[in-house]
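Trainee: With chain A's structure known, arrange chain B on it following the hints.
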Amino acid sequence: DAGVTQSPTHLIKTRGQQVTLRCSPKSGHDTVSWYQQALGQGPQFIFQYYEEEERQRGNFPDRFSGHQFPNYSSELNVNALLLGDSALYLCASSSNRGDTEAFFGQGTRLTVV
Amino acid sequence: SQQGEEDPQALSIQEGENATMNCSYKTSINNLQWYRQNSGRGLVHLILIRSNEREKHSGRLRVTLDTSKKSSSLLITASRAADTASYFCATDRSGSEKLVFGKGTKLTVNP
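Protein chains in written order, with my numbering: chain A, 695 to 807; chain B, 28 to 138.
Since the hints were derived computationally from the structure, they do not count as laboratory data.
Every value quoted in this text rests on a predicted model; they were computed, and no experiment measured them.
Positions of the beta carbon are idealized from the N, C-alpha and C atoms, including for glycine.
Wrong hints could be hidden among the right ones.
Estimated spans, in silico, between C-beta atoms of each pair [unchecked claim]:
no.: 1; chain 1: A; residue 1: G710; chain 2: B; residue 2: N79; range: 46 to 54 Å
no.: 2; chain 1: A; residue 1: H704; chain 2: B; residue 2: N79; range: 38 to 46 Å
no.: 3; chain 1: A; residue 1: R749; chain 2: B; residue 2: S78; range: 16 to 24 Å
Pairs of lysine-lysine residues, derived as DSBU-like cross-links and limited to a Cα-Cα distance of at most 35 Å, are as follows [claimed, not checked]:
no.: 4; chain 1: B; residue 1: K83; chain 2: B; residue 2: K53
no.: 5; chain 1: B; residue 1: K83; chain 2: B; residue 2: K97
no.: 6; chain 1: A; residue 1: K707; chain 2: B; residue 2: K133
no.: 7; chain 1: B; residue 1: K53; chain 2: B; residue 2: K133
no.: 8; chain 1: A; residue 1: K707; chain 2: B; residue 2: K130
no.: 9; chain 1: B; residue 1: K96; chain 2: B; residue 2: K53
Facing chain B, a subset of chain A residues (Cβ under 7 Å, in silico) [as the list claims (entries may be wrong)]:
no.: 10; residue: Q735
no.: 11; residue: P737
no.: 12; residue: F739
no.: 13; residue: Q742
no.: 14; residue: R749
no.: 15; residue: L782
no.: 16; residue: E795
no.: 17; residue: Q800
no.: 18; residue: G801
Here chain B stands alone, though its shape is the one from the complex:
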């Protein structure tokens, strides 16, 4: 079964608005990573947040992590049409080499 579950499954916003996606997971983790995927192509790494971190920023991206609730959120500010893609969270558990992905959030930014 998938460890991470993104919410919502789909999100449609207007250019300039902010987009927030959430990820929940089930077990303790070492870190959590967010990826973007355009039209079934490869995954682009966005940001990694470690289990001892609560918030991280990268450009227009802001990621939070709440290990007590086993959840993370990805905020994209001032969205652009080019942000249209699927976004996945992936968790890395202690003692395991694999990343466990959710099903992703499909974001559509309308111009």
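Chain A extracted, bound-state conformation:
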């Protein structure tokens, strides 16, 4: 069981560019959530995908968008990058059975310069 895998592990982008981050959930999980973690802070919820649809969204602008594929993997896209988007982006997978643990990947460290 590979657990939750994210790619890439590190990324450097220029302000104004676009970025795509990828996540494969843990085997048996069908729900993927994305979180942004700024330095010294706890993770902040961006959105959650289930059955290829965005089920809930946090307080993030429309520049942040996502997608879930039929195999449950997911992408996070950020357009028009700002310096403030520099953070660790974490993907979490869980089961839609409810009231279950969420398992996180190792994250993608995004630096915007």
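Mentor: Then chain B, alone, in the frame of chain A:
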């Protein structure tokens, strides 16, 4: 705003001692989960405690939940240098799909 608030923000102990971290939250929850994070890497799931549970154990970890006080504690017994990490609590509210995290407690275990 963050739902969970961990206390203390930082804790430094000697190897072999016990470490206690606390978490307070604001609204009713379905469950509360504790995570560990090493040096800005991914979050490692430690334990989940449901709102109808009061105490749970896993190895050297003991978690308590007091829903009347909206608080939880994580006790790590016989700490090791490898326990050095940041610890976060995350709450799961009814009707919401998201986990809400606090800012974490940074634990340092000195050898």
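Trainee: When the nearest CB of chain B is found for G801 of chain A, is that gap smaller than 7 Å?
Mentor: holds, 5 Å
Trainee: Verify the proposed pairing of K707 of chain A with K130 of chain B, using a straight-line Cα cut of 35 Å.
Mentor: holds, 27 Å
Trainee: Quick check on P737 of chain A please, does its C-beta sit within 7 Å of some C-beta on chain B?
Mentor: Holds. Min distance 5 Å.
Trainee: Tell me if Q735 of chain A is really an interface residue toward chain B, meaning its C-beta lies closer than 7 Å to one of theirs.
Mentor: holds, 6 Å
Trainee: Tell me if R749 of chain A is really an interface residue toward chain B, meaning its C-beta lies closer than 7 Å to one of theirs.
Mentor: OK, holds: R749 of chain A within 7 Å of chain B, min 6 Å.
Trainee: Q742 of chain A was flagged as interface toward chain B. Is the shortest Cβ-Cβ separation under 7 Å?
Mentor: Since chain B brings a Cβ to about 5 Å from Q742 of chain A, closer than 7 Å, the hint holds.
Trainee: Could one say that the CB atoms of G710 of chain A and N79 of chain B fall in the range 46 to 54 Å?
Mentor: holds, 50 Å
Trainee: Is the hint on L782 of chain A kept, meaning its closest Cβ partner in chain B is under 7 Å away?
Mentor: With a closest approach of 6 Å, the L782 of chain A hint holds.
Trainee: Holds or violated: is the Cβ of F739 of chain A closer than 7 Å to a Cβ in chain B?
Mentor: holds, 4 Å
Trainee: Verify the CB-CB distance for R749 of chain A and S78 of chain B against the hinted window 16 to 24 Å.
Mentor: Cβ of R749 of chain A to Cβ of S78 of chain B: about 22 Å, so the range 16 to 24 Å holds.
Trainee: Does K83 of chain B pair with K97 of chain B here, judged by a C-alpha cut-off of 35 Å?
Mentor: Holds: K83 of chain B and K97 of chain B sit about 16 Å apart, inside 35 Å.
Trainee: For a C-alpha distance cap of 35 Å, please report whether K83 of chain B and K53 of chain B respect it.
Mentor: holds, 21 Å
Hint violations for this structure: none, all hints satisfied.
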